[in-house]
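Taking my numbering, I'd label the letters of the sequence shown as residues 245 to 328.
Be aware that one or more of the hints could be misleading.
Claimed, not checked - Computed Cβ-Cβ distance ranges for the label pairs, DEER-style:
#, residue 1, residue 2, range
1, Asp246, Tyr278, 35 to 41 Å
2, Phe310, Ile270, 23 to 29 Å
3, Arg248, Asp319, 37 to 43 Å
4, Leu260, Arg315, 28 to 34 Å
Said to hold, decoys possible - Lysine-lysine pairs mimicking BS3-like chemistry, simulated, CA-CA at most 30 Å apart:
#, residue 1, residue 2
5, Lys273, Lys262
6, Lys306, Lys273
7, Lys268, Lys306
8, Lys306, Lys262
For the record, the hints were derived by calculation from the structure and aren't laboratory data. All C-beta atoms in this analysis are idealised placements derived from N, C-alpha and C, irrespective of residue type, glycine included.
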Amino acid sequence: MDARDVSALTQRIQELEKENARLKEILEKNGIEYESFESKTCNFNHIEATSVSICQFTLQEKVTIFQSVFRGRDDVFAKRWYSS
């Protein structure tokens, strides 16, 4: 990855952060509640060139995440969630 790639990725992150802030404002203006996962503690272990995220979610939080991702789809069911 060279400097152009890093610059492009940094710019994309900034664009996404602006969009995220704009969407949060829309949600707040319309009185729509949302759950922020920023408060979750995630540890990142850097092993050579790979990263592993270790996030601890309760069973109810896992169900909530699954339901929010697949909302409105009755053809998708979770088989099993394996935590590392």
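Here is what the structure says about each hint:
no. : hint                        : in the structure
1   : Asp246 x Tyr278: 35 to 41 Å : 37 Å, holds
2   : Phe310 x Ile270: 23 to 29 Å : 25 Å, holds
3   : Arg248 x Asp319: 37 to 43 Å : 42 Å, holds
4   : Leu260 x Arg315: 28 to 34 Å : 21 Å, violated
5   : Lys273 x Lys262             : 17 Å, holds
6   : Lys306 x Lys273             : 28 Å, holds
7   : Lys268 x Lys306             : 22 Å, holds
8   : Lys306 x Lys262             : 27 Å, holds
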